[in-house]
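K.L.:
What follows is each chain in one-letter form.
There are 4 protein chains.
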Amino acid sequence: MIDKRKVNLNADMGEGFGAYDIGDDDAMLEHVTSANVACGFHGGDPNVMDRVIRRAVERGVSIGAHPGFNDLWGFGRRQIYMSPAEIETMTAYQIGALQGMATAAGTRVTHIKPHGALNNMASIDRSLADAISRACKAVDPEIIMLATTGSELLNAAMAIDLPTASEVFADRTYDDQGNLTSRKLPNAMIRDAAEARAHALHMIEHGEVISTSGKAVKVLAHSICVHGDEPTGPGVAKAVREGLEAAGIDVVPLPDVPLDH
Amino acid sequence: MIDKRKVNLNADMGEGFGAYDIGDDDAMLEHVTSANVACGFHGGDPNVMDRVIRRAVERGVSIGAHPGFNDLWGFGRRQIYMSPAEIETMTAYQIGALQGMATAAGTRVTHIKPHGALNNMASIDRSLADAISRACKAVDPEIIMLATTGSELLNAAMAIDLPTASEVFADRTYDDQGNLTSRKLPNAMIRDAAEARAHALHMIEHGEVISTSGKAVKVLAHSICVHGDEPTGPGVAKAVREGLEAAGIDVVPLPDVPLDH
Amino acid sequence: MIDKRKVNLNADMGEGFGAYDIGDDDAMLEHVTSANVACGFHGGDPNVMDRVIRRAVERGVSIGAHPGFNDLWGFGRRQIYMSPAEIETMTAYQIGALQGMATAAGTRVTHIKPHGALNNMASIDRSLADAISRACKAVDPEIIMLATTGSELLNAAMAIDLPTASEVFADRTYDDQGNLTSRKLPNAMIRDAAEARAHALHMIEHGEVISTSGKAVKVLAHSICVHGDEPTGPGVAKAVREGLEAAGIDVVPLPDVPLDH
Amino acid sequence: MIDKRKVNLNADMGEGFGAYDIGDDDAMLEHVTSANVACGFHGGDPNVMDRVIRRAVERGVSIGAHPGFNDLWGFGRRQIYMSPAEIETMTAYQIGALQGMATAAGTRVTHIKPHGALNNMASIDRSLADAISRACKAVDPEIIMLATTGSELLNAAMAIDLPTASEVFADRTYDDQGNLTSRKLPNAMIRDAAEARAHALHMIEHGEVISTSGKAVKVLAHSICVHGDEPTGPGVAKAVREGLEAAGIDVVPLPDVPLDH
Numbered sequence: 001m002i003d004k005r006k007v008n009l010n011a012d013m014g015e016g017f018g019a020y021d022i023g024d025d026d027a028m029l030e031h032v033t034s035a036n037v038a039c040g041f042h043g044g045d046p047n048v049m050d051r052v053i054r055r056a057v058e059r060g061v062s063i064g065a066h067p068g069f070n071d072l073w074g075f076g077r078r079q080i081y082m083s084p085a086e087i088e089t090m091t092a093y094q095i096g097a098l099q100g101m102a103t104a105a106g107t108r109v110t111h112i113k114p115h116g117a118l119n120n121m122a123s124i125d126r127s128l129a130d131a132i133s134r135a136c137k138a139v140d141p142e143i144i145m146l147a148t149t150g151s152e153l154l155n156a157a158m159a160i161d162l163p164t165a166s167e168v169f170a171d172r173t174y175d176d177q178g179n180l181t182s183r184k185l186p187n188a189m190i191r192d193a194a195e196a197r198a199h200a201l202h203m204i205e206h207g208e209v210i211s212t213s214g215k216a217v218k219v220l221a222h223s224i225c226v227h228g229d230e231p232t233g234p235g236v237a238k239a240v241r242e243g244l245e246a247a248g249i250d251v252v253p254l255p256d257v258p259l260d261h
Numbered sequence: 001m002i003d004k005r006k007v008n009l010n011a012d013m014g015e016g017f018g019a020y021d022i023g024d025d026d027a028m029l030e031h032v033t034s035a036n037v038a039c040g041f042h043g044g045d046p047n048v049m050d051r052v053i054r055r056a057v058e059r060g061v062s063i064g065a066h067p068g069f070n071d072l073w074g075f076g077r078r079q080i081y082m083s084p085a086e087i088e089t090m091t092a093y094q095i096g097a098l099q100g101m102a103t104a105a106g107t108r109v110t111h112i113k114p115h116g117a118l119n120n121m122a123s124i125d126r127s128l129a130d131a132i133s134r135a136c137k138a139v140d141p142e143i144i145m146l147a148t149t150g151s152e153l154l155n156a157a158m159a160i161d162l163p164t165a166s167e168v169f170a171d172r173t174y175d176d177q178g179n180l181t182s183r184k185l186p187n188a189m190i191r192d193a194a195e196a197r198a199h200a201l202h203m204i205e206h207g208e209v210i211s212t213s214g215k216a217v218k219v220l221a222h223s224i225c226v227h228g229d230e231p232t233g234p235g236v237a238k239a240v241r242e243g244l245e246a247a248g249i250d251v252v253p254l255p256d257v258p259l260d261h
Numbered sequence: 001m002i003d004k005r006k007v008n009l010n011a012d013m014g015e016g017f018g019a020y021d022i023g024d025d026d027a028m029l030e031h032v033t034s035a036n037v038a039c040g041f042h043g044g045d046p047n048v049m050d051r052v053i054r055r056a057v058e059r060g061v062s063i064g065a066h067p068g069f070n071d072l073w074g075f076g077r078r079q080i081y082m083s084p085a086e087i088e089t090m091t092a093y094q095i096g097a098l099q100g101m102a103t104a105a106g107t108r109v110t111h112i113k114p115h116g117a118l119n120n121m122a123s124i125d126r127s128l129a130d131a132i133s134r135a136c137k138a139v140d141p142e143i144i145m146l147a148t149t150g151s152e153l154l155n156a157a158m159a160i161d162l163p164t165a166s167e168v169f170a171d172r173t174y175d176d177q178g179n180l181t182s183r184k185l186p187n188a189m190i191r192d193a194a195e196a197r198a199h200a201l202h203m204i205e206h207g208e209v210i211s212t213s214g215k216a217v218k219v220l221a222h223s224i225c226v227h228g229d230e231p232t233g234p235g236v237a238k239a240v241r242e243g244l245e246a247a248g249i250d251v252v253p254l255p256d257v258p259l260d261h
Numbered sequence: 001m002i003d004k005r006k007v008n009l010n011a012d013m014g015e016g017f018g019a020y021d022i023g024d025d026d027a028m029l030e031h032v033t034s035a036n037v038a039c040g041f042h043g044g045d046p047n048v049m050d051r052v053i054r055r056a057v058e059r060g061v062s063i064g065a066h067p068g069f070n071d072l073w074g075f076g077r078r079q080i081y082m083s084p085a086e087i088e089t090m091t092a093y094q095i096g097a098l099q100g101m102a103t104a105a106g107t108r109v110t111h112i113k114p115h116g117a118l119n120n121m122a123s124i125d126r127s128l129a130d131a132i133s134r135a136c137k138a139v140d141p142e143i144i145m146l147a148t149t150g151s152e153l154l155n156a157a158m159a160i161d162l163p164t165a166s167e168v169f170a171d172r173t174y175d176d177q178g179n180l181t182s183r184k185l186p187n188a189m190i191r192d193a194a195e196a197r198a199h200a201l202h203m204i205e206h207g208e209v210i211s212t213s214g215k216a217v218k219v220l221a222h223s224i225c226v227h228g229d230e231p232t233g234p235g236v237a238k239a240v241r242e243g244l245e246a247a248g249i250d251v252v253p254l255p256d257v258p259l260d261h
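Chains as they are written, first to last, in the numbering used here: chain A, 1 to 261; chain B, 1 to 261; chain C, 1 to 261; chain D, 1 to 261.
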């Protein structure tokens, strides 16, 4: 007899700044089991971070660092060219800042998932992926790298023995190579809750994703991501979680997922 | 037979930003035994912080957080009115950021000393002093608060049992009440190395400072501060250290000073 | 036979930043006749400013500069202590930036109204009021200062012969001295559209405001302000405009209001 | 009989920020005839800008906008990927800000020269070059675009009939294609004043530059640039100016140079 399968449900959070809000963090925290918390560079500020961390603690949601480029104007979505050494210090700074605030709130930072352009660049540029991974290892060798299967970021983290978790997206479609469909295409996002639930459940139960052309492509999923900055985010998160639980799958904080590859 | 007296010598550091420099950190690190490292808000960035931390480690200099207002334009010297709750999260964030980078460099943050307007305001406003102290206690209850004797900041830290160190200034003059002479007065700064050495030595050996009017005022000094942003800073630091050592006083990192009051 | 009375209806706009939005600028621009456009310091960025300016031009809405403290985190609502000389250059910079963008869009900046804490401080501190007025005069001696009757800002502008417009608030209550009721009190804001319409109409038709205690206090109103950052803002603006027009009052851009005092 | 040849001497200035300084603006202003003034994005703030503008006015030095990426941390030297529309509004904003401050100081902005990575990217990417040129044209159709011969930026400006000035560098070496030698090479900079003087004089008198391999390459020079952020900057600027004047060439503000191509 084997254990019930365990999977994580994550979302980006705490991306407001000062008087500005993005997404409904409280609604998302009702459904996800891990929160990727912005660290004050592309979004977030100490007040916002504190609020999200404390709410996550109340709800048993695990906390991860969501570091980004220091570009509030571009919300961390603009590519900025910095040296790997600079990426490394910038990452260590952001993880540390969140760790300090997590400690103050009586919890710990257990994973990291880079944001936006930093994540995209590190997915394909090994030197940036290595820099981010080195920062993680140096700040906390137990921290879990949450990244896409096959990305250079996941490879880099594995190469230095960081724990790694592979993620899939409940609300994004995939192409025949198993890559995310470009956001420029109209069918990139899945905003229908029932569709997202079926999409996510298929990936978890069958270890494969059905591409937009109908092809089955193998995927590995320790965690499922939903986007909180979409108005449909909380509804999608709720449906995905309910779908998984109805199928007998435990939806748990990231550190409770067996991270076998 | 009693132990040789131990005292600390501290300076603010890492206050450059990007392409900009202020002060000669490397020269100061030749002489001081503790570095108050800017945390990226009023000055400093992850690259600058990393460089200072690693150099400090090489030289056996202890590291402290030097948090300030988020005001690079005003170099943290402008009073900004924020709520105590905001001061608290802002302080936790900055300590955490430096801790992350210190861990990455194989060392620890052992003290805190707020910067500029934040320090001035917290010296006289107990609600801000309490907020800063709460942040310190929550992030690291062992962290040493470095502040001026009689300041509300020192009082607030003591009230919640944080370790506290009282500091005096080798390069600043004092009035008859034991307060620093206003920087608006021409005799506020002591830039002559021999004079600063004598000034500091008198405070350590006699537990009193001679005011500008010639009066002796009691002071308690676990640590002596010198200003690195003055061109005369490294010379003053060198003279003060040599003067203390010639008098048989050990000049040590802050955690090695007995913090009795 | 006299001319129909003319009055202006203004609101703060363009206070979003990057991916962040505050208020519904498009909805407000349906109703107001002047827009106070944030200039990138407390809110706003070149993209947001450009969008608001062009939309205002399309709708015949006049443009004013809405300069604030360089404090996006605090949304310009935190008091920051800067010298009058610094306030002066900061104001000139922000007016100029908006002028550049207005010129690019084929229009002109015809008024100024400082934002948040800067406005509050300049209302009571004559040295700041003088600094802001000097900047206006030096950048454009024809620019209209939009401020509250009796404020030091209005006095300072008058003293150097800037055109001045006195404003009242359709959605704020007043005390017996004619000052705005503190926002800390529950009755500070008027969010009911009909009530705001009656409040505004009374001020325009009778030259007096009825205070929260029922007392009539004289007011001078060239312009009526409504707050766009309240969800009720567009509804209030619509009601106030309709009420004024139904009473035979022309609601016009600020430069078309006779600025007699 | 023909007029004495006229040429301009320009340098980047006002790149300090708050308490931070870069370069010796006052020393450079003794020698150059046009100042490219940072506009607060990659460097510069309203106080610094005001100081440089007023000093330039005193010395008869013409003023140009020196817009850059909004990246103080990277000093505008990091490539940031923004859309052409965003580059356009960002440029209009920065020119306008400087215009406002120039007007306040009784002068005008007569040219523009983008900074760092923005300049480098616009030199080779026509869509960015077009965006910057459109902003210039919309804000002031008389503004002179100062750029390198053959760059897309110069081409783009010419294509919409902006006045254009071609610049060469007194303190940089060139390769056989007439491009600047990479800064990564040891011989990229000319820091010897006599050498820079000879280098500049040859370009002006012969309309050609001698490359590092000894080849003569045609160049067009309405303006000669010297770098003020090098410690040797003021000495180089002085030598170049003296060399030109000794050769009977007038060194004049940019608007006084005949801009024939």
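FYI, nobody ran anything at the bench for these hints, they're computed from the structure.
Be aware that one or more of the hints could be misleading.
Unchecked claim - For the chain A half of the interface with chain B, some residues (derived, Cβ under 8 Å), not all of them:
#1 50
#2 86
#3 89
#4 141
#5 185
#6 198
#7 201
#8 232
Stated by the list, open to error - The calculated label-pair distances, taken between Cβ atoms and stated as ranges, are:
#9 D:255 to B:126: 33 to 43 Å
#10 A:191 to D:191: 55 to 65 Å
#11 C:150 to B:195: 47 to 57 Å
#12 C:191 to B:85: 41 to 51 Å
#13 C:21 to B:175: 25 to 35 Å
#14 B:126 to A:27: 52 to 62 Å
#15 B:175 to C:81: 15 to 25 Å
#16 D:191 to C:58: 52 to 62 Å
#17 B:127 to C:210: 32 to 42 Å
#18 D:160 to A:177: 40 to 50 Å
#19 D:258 to C:58: 33 to 43 Å
#20 B:127 to A:27: 57 to 67 Å
#21 C:58 to A:150: 41 to 51 Å
All C-beta atoms, glycine included, are put in the ideal place defined by N, C-alpha and C.
K.L.:
Regarding residue 175 (chain B) and residue 81 (chain C), is the given constraint of 15 to 25 Å on their beta-carbon distance met?
P.N.:
holds, 23 Å
K.L.:
Between residue 191 (chain D) and residue 58 (chain C), is the Cβ distance one that fits in 52 to 62 Å?
P.N.:
About 54 Å separates the Cβ atoms of residue 191 (chain D) and residue 58 (chain C), which means 52 to 62 Å holds.
K.L.:
Between the beta carbons of residue 160 (chain D) and residue 177 (chain A), is the distance compatible with 40 to 50 Å?
P.N.:
holds, 43 Å
K.L.:
Next item in the hint list is residue 141 (chain A). Is there a CB on chain B closer than 8 Å to its CB?
P.N.:
At about 10 Å, which exceeds the 8 Å cut-off, the nearest Cβ of chain B leaves the hint on residue 141 (chain A) violated.
K.L.:
At the C-beta level, are residue 191 (chain C) and residue 85 (chain B) separated by a distance inside 41 to 51 Å?
P.N.:
The hint (41 to 51 Å, Cβ to Cβ) is violated, given that residue 191 (chain C) and residue 85 (chain B) are roughly 27 Å apart.
K.L.:
Tell me if the beta carbons of residue 255 (chain D) and residue 126 (chain B) are separated by a distance inside 33 to 43 Å.
P.N.:
The hinted range 33 to 43 Å is violated for residue 255 (chain D) and residue 126 (chain B), with Cβ atoms some 60 Å apart.
K.L.:
Could you say whether the range 47 to 57 Å given as a hint is met by the Cβ separation of residue 150 (chain C) and residue 195 (chain B)?
P.N.:
Holds: the Cβ-Cβ distance is about 54 Å, inside 47 to 57 Å.
K.L.:
Min Cβ distance, residue 198 (chain A) to chain B: is it shorter than 8 Å?
P.N.:
Violated: closest Cβ of chain B sits about 40 Å from residue 198 (chain A), beyond 8 Å.
K.L.:
Please check whether residue 58 (chain C) and residue 150 (chain A) have a Cβ separation lying inside 41 to 51 Å.
P.N.:
holds, 48 Å
K.L.:
With a cut-off of 8 Å on the beta carbons, see whether residue 50 (chain A) makes it to chain B.
P.N.:
Interface hint status for residue 50 (chain A): holds (4 Å vs cutoff 8 Å).
K.L.:
Less than 8 Å between beta-carbons is the criterion; does residue 201 (chain A) satisfy it with respect to chain B?
P.N.:
With a minimum Cβ separation of about 38 Å from chain B (threshold 8 Å), the hint on residue 201 (chain A) is violated.
K.L.:
For the hint 33 to 43 Å, verify it against the beta carbon of residue 258 (chain D) and that of residue 58 (chain C).
P.N.:
With a Cβ separation near 42 Å, residue 258 (chain D) and residue 58 (chain C) satisfy 33 to 43 Å, so the hint holds.
Violation of the numbered hints given earlier is confined to hints 4, 5, 6, 7, 8, 9, 12, 13, 14 and 20; the remaining hints are satisfied by the structure.
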